[in-house]
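Fit chain W to the known structure of chain Z by using the hints.
This is what each chain is made of:
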Amino acid sequence: MEQIIGKILLYSTSYFGLFTSILFFILFFEQKKKLQNPPAPLNLEKVTIAVPAYNEEVTIQKTVLSLLHLDYPKNKVEIIVIDDGSTDDTYRIAQQFTARGVKVIRKENTGKGDSLNVALKHAHGAFFGALDADSIVEPDALKKMVGYFQDKEVMAVTPSLKVFKPKGVLQRIQGIEYLIGVYLRKVFAYFNAIHVTPGPFTIYRKSFFEKYGGYDADNMTEDIEIALRIQANHYRIENAINAVVWTVGPDTIASLNNQRKRWYLGFLNNVINYRRLFSKAHHDLGLFILPGAFVSVALAILLLGYVGIKIAGRLYEFILNLRAINFDILPWLKLKIDLFFLSTGPLFFLALIALCTGLAVIYLAKKYSREKNTLKLSYVLYLLVYWIIFAYWWVLAGYYKMTKKQIRWGRLSRG
Amino acid sequence: MTAWVKYVAAFSITTLVFIAGIFLGNVISSGKLQTIDVLQQDIAVRTIGSELQYVLLAEHPCENIHANELSQELFEIGSKLAYMEESLGTHDADVLNLKRYYSLLEIRHWLFLKKAQRECNAEYDLILYFYSNEGDCETCKQQGYVLNTIHRKYPAVNIYSFDINLDDPVLMTIKRMYNVTSPPTVIINNKTMAGFVDKEQVEEELFKGKNSGPKNK
Chain Z
27 MEQIIGKILL
37 YSTSYFGLFT
47 SILFFILFFE
57 QKKKLQNPPA
67 PLNLEKVTIA
77 VPAYNEEVTI
87 QKTVLSLLHL
97 DYPKNKVEII
107 VIDDGSTDDT
117 YRIAQQFTAR
127 GVKVIRKENT
137 GKGDSLNVAL
147 KHAHGAFFGA
157 LDADSIVEPD
167 ALKKMVGYFQ
177 DKEVMAVTPS
187 LKVFKPKGVL
197 QRIQGIEYLI
207 GVYLRKVFAY
217 FNAIHVTPGP
227 FTIYRKSFFE
237 KYGGYDADNM
247 TEDIEIALRI
257 QANHYRIENA
267 INAVVWTVGP
277 DTIASLNNQR
287 KRWYLGFLNN
297 VINYRRLFSK
307 AHHDLGLFIL
317 PGAFVSVALA
327 ILLLGYVGIK
337 IAGRLYEFIL
347 NLRAINFDIL
357 PWLKLKIDLF
367 FLSTGPLFFL
377 ALIALCTGLA
387 VIYLAKKYSR
397 EKNTLKLSYV
407 LYLLVYWIIF
417 AYWWVLAGYY
427 KMTKKQIRWG
437 RLSRG
Chain W
214 MTAWVKYVAA
224 FSITTLVFIA
234 GIFLGNVISS
244 GKLQTIDVLQ
254 QDIAVRTIGS
264 ELQYVLLAEH
274 PCENIHANEL
284 SQELFEIGSK
294 LAYMEESLGT
304 HDADVLNLKR
314 YYSLLEIRHW
324 LFLKKAQREC
334 NAEYDLILYF
344 YSNEGDCETC
354 KQQGYVLNTI
364 HRKYPAVNIY
374 SFDINLDDPV
384 LMTIKRMYNV
394 TSPPTVIINN
404 KTMAGFVDKE
414 QVEEELFKGK
424 NSGPKNK
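Chains Z and W are the protein sequences, given in the same order.
Note that our numbering gives residue 238 to position 212 of the first sequence, counting from 1, and the numbers run on in steps of one.
Note that our numbering gives residue 333 to position 120 of the second sequence, counting from 1, and the numbers run on in steps of one.
The hints are simulated quantities; they were obtained by calculation from the structure and are not laboratory data.
Once the Cα atoms are required to be at most 30 Å apart in a straight line, the calculated DSS-like pairs of lysine-lysine come out as:
1. Z/33 x W/354
2. Z/287 x Z/427
3. Z/178 x Z/237
4. W/219 x Z/60
5. W/423 x W/404
6. W/366 x Z/362
7. W/219 x Z/178
8. W/293 x W/388
9. Z/133 x Z/237
10. Z/336 x W/245
Predicted model, so just to flag it, every value in this text is computed and none were measured.
Just chain Z, same shape as in the assembly (with noise of 0.2 Å):
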């Protein structure tokens, strides 16, 4: 009975793991020509970026001046950096900017999405966007971005998130992590099916805050709230697979950890009050990507549970057998090969599938976000690993749904 079971769960995983990678392709390739981004406009207008810091004096010199190099008329850029009541020299050092025209603007902690309210009620440009002060944009992200909005449907568009400088095996993951997201990122775009606008440098049209109101100050992911209202209200949201921006990954289990349980669970509260979208009016999005992201943690959570379940029985089994045998491992150490016992099963071919997919996306994703395209051995280590990492995050943040513990972010955090 187990046994029936666990194949109906791996043979339905595969499929559906097989159907949405298919789909995805199909979709990629049919569009490939629209992957060059629109011209920007001869008349550029202008843009506002503001920079929420909270104790950032490490990176905000670096996040500020990748700005002030950005390739666009400087008469048409207004940086505004928000510190929220820094207790470092956050402050004193965004100051040494305001002789280049950086409005330096300093207030009690409230957190990120309040900061990003008060830079709106100061922000003069025609569109909006925020880059946190542990990013940086390359010069010529926001020319390629613009472009998309003159189709006067698009409220936002997003960039490609890179992680800087990957060091360690965590911030290593989360490199590889962000290139599929590039990938996926793009393909929504398709779909019209974004549904998470980055924090980092997504640009937003004003005018969409001045009709539906600024940031949601009290939300835990405040990206993701703004993304999903432009949805409910029947707006496009676009992706510039070529404008980078390369963000700081944490790079320890805890920080990891905490980042995610926020992010889920954010976005788990997000899209129950944003249940409407799940219907025919919002077509693929509210069809299949939403409903999908569900089917896809279910069964990611499923297929743990199971893998764990046989584990523990093998290795049960296992002491078990090292009993009945007094330890005596010695006859066991001469090791002898035989293919035959090399499994061939239908599923032995069917991962074989899902891994070659696996790694056609980060091929892409590298390919066409201007990266040298080298395919690694890591990258197989990453598939065949990441998404028991998935799984933990989403049991981590499910179970602080179900419990109702809340997850206080009086201070800005990252991400």
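Below, chain W alone, put in the same frame as chain Z:
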């Protein structure tokens, strides 16, 4: 392409790839079963060869017995069969057929060695092992592991394993002869031991009445 066409296209391609994956997996599985079949035919021919050789060389039959080699190969086939059983299920008709044939080959080889033992005064260590994989034998996996370890440690020991539930008249007779009623049962050099026997006990039984114990190649 309109929206629903994309979904239909993805659905069709996925189904095709899926079927191809399942088909490929099955082709390879049946290829593996075929390998076992070929190996068994080979063993059958060579067993008959040994037997004929034995009869022919009436003068010095005992000098020409190279029994252990065959027994080793039989054991390897046994592991492969067990593996296929695990991946295709215990009730797969092809696997069952191969298993029945395999049991007969084992018995034939075992009888040959017994005869040589009697007539040539040769010393062979012979172990018969009856298991069940119907879920009614908790210790069978460990018993198998113990005997596998013995096989690796003492390659000269001849181990023959039988599915206790296999419905075969010859097997029935052996079960009756040795009083085999429930799995696991291990028969070491004619001594029937019902229930789980750990490695030390097996070794003790093999060493009994010998100075050096089984040959350790």
